[in-house]
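There are 2 protein chains.
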Amino acid sequence: MSSMRGDSLRLDDAMAILGRTPASLTALLKDLPERWVQATEGAGTWSPYDVIGHLIHGERTDWIPRARHIMAGDLRPFEPFDRTAQFTDSQGKNLGELLVTFAELRQGNLATLLEMNLTNQDLSRRGMHPELGQVTLGQLLATWVVHDLDHVGQIARTMAKVYSESTGPWSAYLSILRDRQR
Amino acid sequence: MSSMRGDSLRLDDAMAILGRTPASLTALLKDLPERWVQATEGAGTWSPYDVIGHLIHGERTDWIPRARHIMAGDLRPFEPFDRTAQFTDSQGKNLGELLVTFAELRQGNLATLLEMNLTNQDLSRRGMHPELGQVTLGQLLATWVVHDLDHVGQIARTMAKVYSESTGPWSAYLSILRDRQR
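Chains A and B, in that order, are what the protein sequence lines are. Its first residue numbered -6, the first sequence is counted upward by one per residue in my numbering. Its first residue numbered -6, the second sequence is counted upward by one per residue in my numbering.
For reference, chain A alone in the conformation it holds in the complex (with noise of 0.2 Å):
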């Protein structure tokens, strides 16, 4: 795989965030007391537990059923993205039981990817997003590992802002407690 190279996006490098973002948040979320798991940034935000649903539905829905339709050669439209589908998805499933499903997905579909032998010149193929308008399939591998790292850091943010008020005159240097504030 070491010689793709396309608008800066390597597939190896790619493929690397990916297959370590299960395990990171397994061992950041796992039998973490629901203090943690369910908080929000405030109404309409996301928890860490709503978050893992909704990476589940995009390995089920979205990265590989596009690449799919890109490499089709398919210039209608992609299927839009439900943004909103773990909430009736993840019902009745514990986090733990949310986190292996996500673990095997992204397995498959990391699995999937190497099958479709991408060539440099596959990241250059074009597909047609419903509200972007045209994409190529590198932008969409590399949207999908920021996509990853963009809830990773959701998901730290949520966590710290539990405590905001529990670091006291520490929260001047806690930066992190003012991103997204609301």
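These aren't lab readings, by the way, just hints derived from the structure by calculation. Keep in mind that this is a model prediction, so the values were computed, not measured. Fair warning: there could be bad hints in the mix.
Because identical chains cannot be distinguished in the list, a pair is counted as satisfied if it fits within a single copy or across any two copies.
[To be verified] Result set (DMTMM-like, lysine to aspartate or glutamate): computed pairs, CA atoms no more than 25 Å apart in a straight line: (1) K23 with E97; (2) K23 with D5; (3) K86 with E108; (4) K23 with D82; (5) K23 with E34; (6) K86 with D24; (7) K86 with E27; (8) K86 with D115; (9) K86 with E34; (10) K86 with E97; (11) K23 with E124; (12) K86 with D172.
Assemble chain B onto chain A, guided by the hints.
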């Protein structure tokens, strides 16, 4: 420990996070390509490698020494914390070594914290921060937790920005790319 509450900080809740950070960061960063490990957000900002060195320095000189300082009833200001120590301390060490050191120091410090047998009343004990003035032990421990999460968020944000341009039109949806924009 379930009886410990103070300033909305529960010691077991705090320790649940503190105990998970090393494994979570190790799962995220170990053996990751240098492109991610050495990335920064620009001049004067820190790479994931720098952050792990900074966390190590905190384990050595900040949290437990300050907790002991407070418990000893010492009303003199804490020793100031050196925010750039990692730039000399980490020299010659690879990230894998730093991650092991961080995990070992954290494990030892949590054992020390347990041995201190802190009571709810202890969490209200006061110390003197060299810049912030009067603080409590409970605030110190909450800050330890939020400081971990702040740096987890920083690492995710720093790595995400490596792909800022690679995501193309999708960057509009990836809000982490605009956090701390310089």
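Evaluation of the provided hints:
Proximity of K23 to E97 under the C-alpha cut-off of 25 Å is found in both arrangements, the shortest distances being 15 Å within a copy and 20 Å between copies. For the homomeric pair K23 and D5, the shortest alpha-carbon distance between copies (15 Å) is at most 25 Å, but the shortest distance inside one copy (28 Å) is not. For a Cα distance limit of 25 Å, the shortest separation of K86 from E108 qualifies neither inside one copy, at 31 Å, nor across copies, at 37 Å. Taking the shortest Cα distances, K23 and D82 sit within 25 Å of each other inside one copy (19 Å), while across copies they are farther apart (32 Å).
When the C-alpha separation of K23 and E34 is checked against a cutoff of 25 Å, the pair qualifies only within one copy, where the shortest distance is 20 Å, while the shortest distance between copies is 30 Å. Within a single copy, K86 and D24 get their C-alpha atoms as close as 14 Å, which meets the 25 Å cut-off; across copies the closest is 33 Å, which misses it. Within a single copy, K86 and E27 get their C-alpha atoms as close as 14 Å, which meets the 25 Å cut-off; across copies the closest is 37 Å, which misses it. Proximity of K86 and D115 under a CA criterion of 25 Å is satisfied in neither setting, with 38 Å inside one chain copy and 39 Å between copies.
When the C-alpha separation of K86 and E34 is checked against a cutoff of 25 Å, the pair qualifies only within one copy, where the shortest distance is 22 Å, while the shortest distance between copies is 38 Å. In this homomeric assembly, K86 and E97 come within 25 Å of each other (Cα to Cα) only inside a single copy, at 16 Å, whereas the closest approach across copies is 34 Å. Neither within a single protomer nor between protomers do K23 and E124 lie at most 25 Å apart by alpha-carbon distance, with minima of 35 Å and 37 Å respectively. For the homomeric pair K86 and D172, neither the shortest alpha-carbon distance inside one copy (30 Å) nor that between copies (32 Å) is at most 25 Å.
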